[in-house]
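Make the full structure from the sequences, and use the hints.
Protein chains: 2
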Amino acid sequence: MASSDGQGGSRRVTLTEVARRAGVSRSAASFALNGRTDLRISEETSARVRRAAEELGYSPNTTARTLRTGKSGTVALISDFIGTTSFANAMVRGALQTLRDADTLLYTVDTQGDPDVEAKLLQNLLDRDVDGFLYASMFTRQVDVPPLTRNAPLVLLNCASPDIPAVIPDERGAGETAAAALLDAGHRDAIWFVGSFPPGFTGAAVWNGWSPLALTERLDGIQARLAAAGTALAGTAPIETDWDVENGRAAVTRLLGSGARPSALICANDALAVGAYHALSVAALQVPEDVSVIGFDGSALTQAVLPRLTSVALPYEELGRIAAGMLLQGDPASRPHRVPMPLVPGASIASPAPRD
Amino acid sequence: MASSDGQGGSRRVTLTEVARRAGVSRSAASFALNGRTDLRISEETSARVRRAAEELGYSPNTTARTLRTGKSGTVALISDFIGTTSFANAMVRGALQTLRDADTLLYTVDTQGDPDVEAKLLQNLLDRDVDGFLYASMFTRQVDVPPLTRNAPLVLLNCASPDIPAVIPDERGAGETAAAALLDAGHRDAIWFVGSFPPGFTGAAVWNGWSPLALTERLDGIQARLAAAGTALAGTAPIETDWDVENGRAAVTRLLGSGARPSALICANDALAVGAYHALSVAALQVPEDVSVIGFDGSALTQAVLPRLTSVALPYEELGRIAAGMLLQGDPASRPHRVPMPLVPGASIASPAPRD
Numbered sequence: 008m009a010s011s012d013g014q015g016g017s018r019r020v021t022l023t024e025v026a027r028r029a030g031v032s033r034s035a036a037s038f039a040l041n042g043r044t045d046l047r048i049s050e051e052t053s054a055r056v057r058r059a060a061e062e063l064g065y066s067p068n069t070t071a072r073t074l075r076t077g078k079s080g081t082v083a084l085i086s087d088f089i090g091t092t093s094f095a096n097a098m099v100r101g102a103l104q105t106l107r108d109a110d111t112l113l114y115t116v117d118t119q120g121d122p123d124v125e126a127k128l129l130q131n132l133l134d135r136d137v138d139g140f141l142y143a144s145m146f147t148r149q150v151d152v153p154p155l156t157r158n159a160p161l162v163l164l165n166c167a168s169p170d171i172p173a174v175i176p177d178e179r180g181a182g183e184t185a186a187a188a189l190l191d192a193g194h195r196d197a198i199w200f201v202g203s204f205p206p207g208f209t210g211a212a213v214w215n216g217w218s219p220l221a222l223t224e225r226l227d228g229i230q231a232r233l234a235a236a237g238t239a240l241a242g243t244a245p246i247e248t249d250w251d252v253e254n255g256r257a258a259v260t261r262l263l264g265s266g267a268r269p270s271a272l273i274c275a276n277d278a279l280a281v282g283a284y285h286a287l288s289v290a291a292l293q294v295p296e297d298v299s300v301i302g303f304d305g306s307a308l309t310q311a312v313l314p315r316l317t318s319v320a321l322p323y324e325e326l327g328r329i330a331a332g333m334l335l336q337g338d339p340a341s342r343p344h345r346v347p348m349p350l351v352p353g354a355s356i357a358s359p360a361p362r363d
Numbered sequence: 008m009a010s011s012d013g014q015g016g017s018r019r020v021t022l023t024e025v026a027r028r029a030g031v032s033r034s035a036a037s038f039a040l041n042g043r044t045d046l047r048i049s050e051e052t053s054a055r056v057r058r059a060a061e062e063l064g065y066s067p068n069t070t071a072r073t074l075r076t077g078k079s080g081t082v083a084l085i086s087d088f089i090g091t092t093s094f095a096n097a098m099v100r101g102a103l104q105t106l107r108d109a110d111t112l113l114y115t116v117d118t119q120g121d122p123d124v125e126a127k128l129l130q131n132l133l134d135r136d137v138d139g140f141l142y143a144s145m146f147t148r149q150v151d152v153p154p155l156t157r158n159a160p161l162v163l164l165n166c167a168s169p170d171i172p173a174v175i176p177d178e179r180g181a182g183e184t185a186a187a188a189l190l191d192a193g194h195r196d197a198i199w200f201v202g203s204f205p206p207g208f209t210g211a212a213v214w215n216g217w218s219p220l221a222l223t224e225r226l227d228g229i230q231a232r233l234a235a236a237g238t239a240l241a242g243t244a245p246i247e248t249d250w251d252v253e254n255g256r257a258a259v260t261r262l263l264g265s266g267a268r269p270s271a272l273i274c275a276n277d278a279l280a281v282g283a284y285h286a287l288s289v290a291a292l293q294v295p296e297d298v299s300v301i302g303f304d305g306s307a308l309t310q311a312v313l314p315r316l317t318s319v320a321l322p323y324e325e326l327g328r329i330a331a332g333m334l335l336q337g338d339p340a341s342r343p344h345r346v347p348m349p350l351v352p353g354a355s356i357a358s359p360a361p362r363d
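Chains L and D supply the protein sequences, listed in that same order. Just so you know, we're using the working numbering here: the first sequence kicks off at 8 and counts up by one. Just so you know, we're using the working numbering here: the second sequence kicks off at 8 and counts up by one.
The hints are simulated quantities; they were obtained by calculation from the structure and are not laboratory data. Keep in mind that the hints are not guaranteed to be accurate.
What the hints assert, rightly or not - Over 12 Å on every C-beta distance to chain D, these chain L residues come out as not near it, computed from the model:
| no. | residue |
| --- | --- |
| 1 | Arg-27 |
| 2 | Gly-64 |
| 3 | Gly-101 |
| 4 | Ser-168 |
| 5 | Asp-177 |
| 6 | Ser-203 |
| 7 | Thr-223 |
To be verified - If you want the footprint, here are the derived chain D segments under chain L, 3+ residues with CB under 8 Å:
| no. | region |
| --- | --- |
| 8 | 88-96 |
| 9 | 103-117 |
| 10 | 235-249 |
| 11 | 307-317 |
Said to hold, decoys possible - If you only want the chain L side, here are some residues facing chain D, beta carbon under 8 Å, derived:
| no. | residue |
| --- | --- |
| 12 | Phe-94 |
| 13 | Arg-107 |
| 14 | Leu-112 |
| 15 | Lys-127 |
| 16 | Thr-238 |
| 17 | Gln-310 |
By construction, the Cβ of each residue, glycine as well, lies at the ideal position given by its N, Cα and C atoms.
What follows is the structure, given as structure tokens:
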């Protein structure tokens with residue numbers, strides 16, 4: 008193994024040299040080496056870049072040193088609530104894995120959404136010579152980036168802002184995936200959506216349970232996919248205060264009480280879906296024989312219910328890995344990088360029950 | 008509100024002066040002001056200390072400045088996995104709340120259990136003049152504290168080591184609480200424990216699902232409480248690989264298949280209890296009419312099952328708050344501070360079903 012301090016004296020291979028050898032642009036080389044899949048780089052091109060990197064002895068560790076040169080070998084992940092709540096922590100894990108491979112340490116700090124604390128933390132971190140920032144949000148949303156972050160390399164994680172490198176989940180694609188899973192099972196005219204912004208919600212940066220980008224984009228994707236199949240949602244079961252189990256139970260209880268006969272429920276997150284299970288159980292309806300259910304998030308709740316809940320997962324660890332890689336390598340993209348949200352199959356989807 | 012920088016010039020009131028005015032020892036005053044309940048300080052004494060503190064204008068913020076004086080106003084929470092997993096994060100939240108009230112910033116760093124990373128992080132943090140360390144473990148356990156932590160004030164959080172101030176959950180009391188809840192409902196001779204160390208477990212600092220102190224002490228408490236009532240566990244349903252839903256389901260399926268007829272199950276954590284629900288459901292046994300169930304942790308899983316699971320909760324936020332308070336004030340105790348684990352009632356305990 009090479010010394011982690013790389014005092015060997017051989018000249019450092021640059022990304023530009025790898026790109027030149029592979030016959031691709033520097034951006035394409037960066038994307039290929041970051042394992043990113045959103046740009047249309049063919050597998051053949053990607054393999055050529057990796058081969059060129061190998062032949063030249065270019066390694067992530069080497070590029071990591073670009074960020075580190077003469078600096079502290081320390082990066083800070085500054086977030087609203089990720090470090091202090093049991094949600095989205097896998098983003099920190101992903102970032103840590105990538106940074107650790109690059110011999111770079113990670114500090115995590117939470118502002119709890121307080122701009123004063125945020126400014127103090129940023130100044131404190133800059134005073135301590137951190138080499139770069141991952142600016143992260145617990146819920147996917149648009150952010151106004153505090154000016155102090157611009158004093159070091161910056162990548163946004165699970166949030167977006169114009170002209171700043173960013174990594175966010177492909178929420179619209181996730182909506183399409185959820186709708187497709189139900190269409191594929193034969194559902195069509197009695198698919199309901201469970202979830203809404205609670206009354207009075209203004210789109211501000213509240214954290215406890217809603218996510219402007221997620222709801223809007225998931226719903227867009229669902230509607231687009233259903234429209235492409237010549238159908239539409241039968242309706243929406245709105246929730247009252249939060250995206251939690253109790254609100255899911257209440258919303259679906261109201262829906263069933265209204266006389267609606269859903270064949271399938273697309274729930275805005277897993278907690279609402281678990282609440283839907285409870286409401287269906289009380290109404291003596293079986294999942295999936297009587298009603299199919301699908302959620303979003305891919306959380307541990309999917310395994311807590313019987314049968315296991317099918318969900319479209321937030322790829323938190325991958326978001327963290329990719330954002331850290333972009334911070335280490337420098338990112339040439341001007342639009343947010345969208346990470347696909349995978350379907351995690353459970354046993355909560357079946358063919359629609361026969362209607363009488 | 009006073010300026011957070013406290014430039015007012017009035018002399019700082021010390022804890023010793025508060026103790027003298029209240030007529031108690033400095034330790035007792037410290038315990039009373041930290042809201043600690045493990046020492047046998049009467050409510051009357053505690054009230055006298057608080058009154059003295061108020062009369063003298065002594066405040067946590069004032070004491071916070073003791074740690075900060077001439078330093079960086081920054082504390083680091085160094086843990087194995089807390090920042091990168093969705094477990095125990097409330098400890099960070101509790102610490103952050105207390106530190107924020109004291110105008111002190113918190114860095115969180117995870118070592119992922121790697122001693123090399125740990126040493127690098129500690130040196131990195133010391134180079135940056137952090138004022139103190141909270142050394143934390145995701146699972147309650149004995150730790151060997153790395154020597155570098157001794158270069159700054161140190162409090163252990165959810166772990167223990169001889170002669171170092173530490174805060175841990177009262178796991179033995181939690182076991183007693185669980186047993187008492189079942190005894191109170193009338194259970195006696197058919198109470199089974201679900202959970203064990205998996206085969207080959209050696210007590211090393213593995214993280215993924217077991218907790219040496221928790222299992223041993225919870226079981227001690229259960230057995231002591233049952234013995235005090237003149238009875239004992241009917242037996243243990245061992246688990247195979249981890250304390251998760253699937254292992255809980257498998258363990259209880261085997262138990263029922265062996266012909267055992269439990270009236271109640273004490274599960275080593277909530278995930279195993281959820282698995283127990285699934286096994287009981289498949290066997291057409293109702294919770295709590297046929298079998299009562301209780302878990303430990305007080306996690307979000309308790310709300311995912313119907314009826315809601317009764318659990319003995321890990322007081323994570325309180326652990327974090329108390330540890331941060333001890334770090335700010337200096338802690339005179341030589342034994343670990345034990346924080347009570349509260350019963351969080353669900354609807355999973357009822358009187359035993361009649362036996363034929």
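* Taking the numbered hints from earlier one at a time, note which ones the structure violates and give those numbers from smallest to largest. => As far as the earlier hints go, 3, 10 and 16 are violated by this structure, in ascending order.
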